[in-house]
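Knowing the structure of chain A, use the given hints to seat chain V on it.
Chains as they are written, first to last, in the working numbering: chain A, 10 to 123; chain V, 122 to 233.
Hints are computed from structural coordinates only; laboratory data are not their basis.
Just so you know, these numbers come straight off a predicted model, no measurement behind them.
The reader is advised that the hints may include incorrect statements.
Stated by the list, open to error - Under the rule of at most 30 Å between Cα atoms (straight-line distance), these lysine-lysine pairs were calculated in the DSBU-like manner:
id, chain 1, residue 1, chain 2, residue 2
1, A, K65, V, K124
2, V, K124, A, K86
3, V, K191, A, K65
4, A, K110, V, K192
5, V, K124, A, K61
6, V, K124, A, K58
7, V, K176, V, K134
8, V, K139, A, K61
9, A, K61, A, K77
10, A, K86, A, K110
11, A, K122, V, K176
12, A, K110, V, K176
13, V, K178, A, K65
14, V, K139, V, K124
15, A, K58, V, K192
16, V, K176, V, K192
17, V, K178, V, K191
18, V, K134, V, K191
19, A, K122, A, K61
20, A, K61, V, K178
21, A, K110, A, K65
22, V, K134, V, K178
23, A, K110, A, K69
24, V, K174, V, K191
25, A, K86, A, K58
26, V, K178, A, K58
27, V, K124, V, K174
28, V, K139, A, K77
29, V, K124, A, K69
30, A, K86, A, K61
31, V, K178, V, K124
32, V, K178, V, K192
33, A, K58, V, K176
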Amino acid sequence: GNSVTQMEGPVTLSEEAFLTINCTYTATGYPSLFWYVQYPGEGLQLLLKATKADDKGSNKGFEATYRKETTSFHLEKGSVQVSDSAVYFCALSDYNTNAGKSTFGDGTTLTVKP
Amino acid sequence: DVKVTQSSRYLVKRTGEKVFLECVQDMDHENMFWYRQDPGLGLRLIYFSYDVKMKEKGDIPEGYSVSREKKERFSLILESASTNQTSMYLCASSLRDGSPLHFGNGTRLTVT
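Pulled out of the complex, with its shape left as it was, chain V reads as follows:
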């Protein structure tokens, strides 16, 4: 089974801090994704990556950046955390375009 591991289940950070969310997948998947999930807003795509060092903006990239230096690892960076970035963050990977997504268990980030 594919395993997608997010480094933290819960994080509490202060406004203005730089925050790193890490995600690792163990099945050599080409594609990796970062979503945020908020009540009433569903899943919204922040950034995705089709290959090492490649990244594409999703629907809500403002205030975020990403890094993919190795195929198995995809990091989400909040350059200067704000309270409106309090959310559940979900990482996912897929073998190729059109394949099902495999999700991690999520990181619940609270920015105070």
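Chain A on its own, in the form it takes in the complex:
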């Protein structure tokens, strides 16, 4: 079946540091890939997405590239801010083989200190 493995946390960075959160996936079909973010006390919200190989998703300074050859979708940001402190989830959705259900990673907690 499908699975998503993401970097274990928690991750603590200083403001303006470079961020990478690793995500790899296993899927039998051709999934769409997503990063969601969850701020304290809220539900998840879509951060960025990519629907096919070599696509780059980007939003709010975050980027991730769909790498089919390495089955990866690593999240990066060049300079993090305190307001980026949240839990980040990598996910995939493969409507061809999994009836559209999403598979989530376990989440990575990011804390950014001033």
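Relative to the frame of chain A, chain V by itself:
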């Protein structure tokens, strides 16, 4: 913007009570989902629905049921609440298969 509204942010119920969690989306999405989120266990899918009156079991359906009488509304029912159902419950919707999910803000349920 899509809005997914969960009727309660916090609920406290007693063991054995029947509990209803309501979720409404305002963008005519086909698919709706109920997840529970627990520390160390991530998000686990309870039930989902592709259409009115349609429902499919997710990964952990035991002890739960759902109702979708109208396209915009998806209810999660705990037939007889137990303490191990204390959790954060998240409702989500998506336009179609493979589309991103839109989540509500969650309902934190405590069963005592």
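Hint check:
no.: 1; hint: A:K65 x V:K124; verdict: holds, 26 Å
no.: 2; hint: V:K124 x A:K86; verdict: holds, 27 Å
no.: 3; hint: V:K191 x A:K65; verdict: violated, 37 Å
no.: 4; hint: A:K110 x V:K192; verdict: holds, 18 Å
no.: 5; hint: V:K124 x A:K61; verdict: holds, 27 Å
no.: 6; hint: V:K124 x A:K58; verdict: holds, 19 Å
no.: 7; hint: V:K176 x V:K134; verdict: holds, 25 Å
no.: 8; hint: V:K139 x A:K61; verdict: violated, 44 Å
no.: 9; hint: A:K61 x A:K77; verdict: holds, 8 Å
no.: 10; hint: A:K86 x A:K110; verdict: holds, 28 Å
no.: 11; hint: A:K122 x V:K176; verdict: violated, 44 Å
no.: 12; hint: A:K110 x V:K176; verdict: holds, 13 Å
no.: 13; hint: V:K178 x A:K65; verdict: violated, 33 Å
no.: 14; hint: V:K139 x V:K124; verdict: holds, 27 Å
no.: 15; hint: A:K58 x V:K192; verdict: holds, 26 Å
no.: 16; hint: V:K176 x V:K192; verdict: holds, 12 Å
no.: 17; hint: V:K178 x V:K191; verdict: holds, 19 Å
no.: 18; hint: V:K134 x V:K191; verdict: holds, 26 Å
no.: 19; hint: A:K122 x A:K61; verdict: violated, 35 Å
no.: 20; hint: A:K61 x V:K178; verdict: holds, 28 Å
no.: 21; hint: A:K110 x A:K65; verdict: holds, 22 Å
no.: 22; hint: V:K134 x V:K178; verdict: holds, 24 Å
no.: 23; hint: A:K110 x A:K69; verdict: holds, 26 Å
no.: 24; hint: V:K174 x V:K191; verdict: holds, 8 Å
no.: 25; hint: A:K86 x A:K58; verdict: holds, 15 Å
no.: 26; hint: V:K178 x A:K58; verdict: holds, 26 Å
no.: 27; hint: V:K124 x V:K174; verdict: holds, 21 Å
no.: 28; hint: V:K139 x A:K77; verdict: violated, 46 Å
no.: 29; hint: V:K124 x A:K69; verdict: holds, 21 Å
no.: 30; hint: A:K86 x A:K61; verdict: holds, 21 Å
no.: 31; hint: V:K178 x V:K124; verdict: holds, 24 Å
no.: 32; hint: V:K178 x V:K192; verdict: holds, 18 Å
no.: 33; hint: A:K58 x V:K176; verdict: holds, 27 Å
Violated hints, in rising order: 3, 8, 11, 13, 19 and 28; the structure is consistent with all others.
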